Every structure is written in C-alpha cells, then in structure tokens.
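Participant: Those protein sequences? They're chains A and B, same order as listed. Each residue of the first sequence is one higher than the last, beginning at 0 in numbering that gives the first Met the number 0. Each residue of the second sequence is one higher than the last, beginning at 0 in numbering that gives the first Met the number 0.
Bear in mind the hints are in silico, worked out from the structure with no lab data behind them. None of the values given here were measured: they were computed from a predicted structure. Among the clues, some could well be false.
[Claimed, not checked] When the alpha-carbon atoms are kept at most 30 angstroms apart in a straight line, the in silico DSBU-like pairs for lysine-lysine are as follows:
1) LYS219(B) x LYS7(A)
2) LYS17(A) x LYS7(A)
3) LYS38(A) x LYS87(B)
[As the list claims (entries may be wrong)] Some, not all, of what chain A presents toward chain B, calculated at C-beta under 8 angstroms:
4) TRP15
5) CYS19
6) GLY20
7) ILE21
8) PRO27
9) ARG28
10) ARG48
11) PRO57
12) ASP58
13) PHE59
14) TYR62
A virtual CB, placed ideally from N, CA and C, is assigned to each residue, including glycine.
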Amino acid sequence: MDNNPPLKRVIVREQWCKACGICIAFCPRQALSADTSGKPTWNTDVCVRCGLCEQRCPDFAIYLEEVNALG
Amino acid sequence: MSSLADKYLRGHKMPHIWCPGCGNGIITHAVLRAIDQLQWERDDIVIVSGIGCSSRAPGYLDFNTLHTTHGRALAFATGVKHGNPRLKVIVLTGDGDCAAIGGNHLIHACRRNIDITAIVYNNSIYGMTSGQFSPLTPTGSLATTAPYGNIDRAFDLCDLATAAGASFVARSTTYHANHLRDMIVHGLQNEGFSLIEAMTHCPTYFGRRNRIGGPVEMLKMQQEQAIPVQRAASMTQEQLEGKYLIGELHNQQMPEFCALYEQVIQKAGGGNQR
C-alpha cells in the first residue's frame, strides 16, 4: 500500500457535458448529484476516486486530475 | 496534469456532435485508453472510418486520420497498411457501415488476416439517417423502416468474422468500459485481423422508439444481457436466451497478409526497393 497515494479531484468540463446522467446513475458511492441543469456536482467526501465516471462519460466531460499535496 | 482528452483529442472540434448519452464517446474513449496503455507513437497510428455516426470519431482524434466513403473504411485501411506495413491501422466503423454496405470488404479483410484492428460500434440502428434497421438490428425491434417490427434475423458479427478467417475476435459493451478497453488492447496487439464488436446504445433512434428508455436504462440493459464467455460455459441454452457473449471469442494465430506479401516481393527479387 502506498502511504502517500496521489490526491485526485474530479473535474467537470461544463461546456462539453450534455447532462446525460450516466456518471450520476452509475457512481458506486453516489458521489455525484445533478445540478439544476442536470450536470454532475461532485461530493468530495464520499468519492473513492474509482474513475468509473470518467470511463463511462460519452462526452469526455468528467475526469480525475491528480493534484500535488501542496496544490 | 491533463486528461486523455487533452492529450489525444482535437480540442477545437469539441464538444462532439453525438447526442446526449450516446455510447460512441465511451467507445472512442476506450480506444484512446487502449492506445495510451500501449504507449504507441501517435505518428505510427492511422485511424480510418467510413460513414455514419460512429465514423465521425476520427475527426475528433489527433492522429493520422482518414474519413472515407460508406462501407469502404476497410478497403482504404487495407491500402494504407499494404502501402506501409510499419503503420498501425485502426478502423472505427458502425454496424451499418461494416455489416451492410461494407460487408464484403469485412469478410475479405478477415480472410486475408491483414494486420488491421476494426472496432465496430454496434448501436443496432442507422442513427445518422434517423433510425433505419441494419443487419445487426435484433429481430422484432422497431425501426423507422420496420414500424411493425424487424422481420430479418441479425448477423452474429463475431461468428461471421471468425468464420471468414479473422485471427482475433472479441465483444464487449459500453457498460463494461474497462473490459472494452482490454479487448481493444488485445486486438491491437494481435498481428493479424482483429474485430472487436462494441455493443453500444442509440438513445435517440433505438432506445426511444423501442421504449427502452434513455442512456442509463440502455446501459443497464447491456449489463443484464452481456454474459462473460467463461460464465456462459456453465449456463443452459434456455438461460442464454436473449443474452449475448462478451470477452475473447476467437484467437487463432495465422500468417498475416503483409508478411506473406513481403515474401512474394523477396521471391520476385524486389526486396531492395522497399
């Protein structure tokens, strides 16, 4: 087990997202919820950074980004 | 850090034209993840497509790309590969493009076992032209050209490719996006003709007309219908009714076309000219 796994955050490209709801429906931890336009809002506390949202996004609109500890 | 999209997409062409929830983007993403995993040089890769929704994909991909005529992606790809066998040639095609108008090119690419990887975006319908049935539309399904239900039987494209001589044949779905990436990786690594049938969904012209629901419901249907080939071995014919197999369905190494042709060149004494 890596004692210092890289930190990751979920980024949503608002302009590419078409609000299809796939990422929200299939998130295994319900870490994504729809905003008023149907696009995902990320709950950092319950997200386990599995990346399933990124893999099933038809629009390349959601992805995990590594952040360095200082950033 | 940037995403795969930043690395491999032509950003100025995005967002793409596919409908909300269309599976084409999921397959295209899986192709990019497979290429990235193999760490192939971008300049060595040629991506070829025909006509249809799925065939729009290469337009968004920052590689050497060819958007060709309807059904002829494999014919163009054969020319590219034959002209420069060092190139890694990938064909992105749809169920109509590949199995109907391009069906003849498909069987002969399989028969030659030329080192091309074809990824078939099978959404069961002609999406771009508003939902006519294709040779892969399931029997009984509704289409604009089958308002009382499709009476044709669908090809099993994987069985067809296997029978025609392809050396690697696999199937996966957009629901199983990681598995799909793995099947594409295996196909790309195979030295010979590889066909990967990617089961996807057209929420606009198939899901809505057949009252399946939206993209989420269509992905759930894939989850229910797709049976890993290993698990199917212990299931009865009755249990497999209405299901389809996913996984590696055929893998048999055979001489590759360009390698055989190189031998012809050597025999003819022209080896120094290449």
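Participant: For a quick check of understanding: which of the numbered hints are violated here, in increasing order?
Facilitator: 3, 8, 9 and 10
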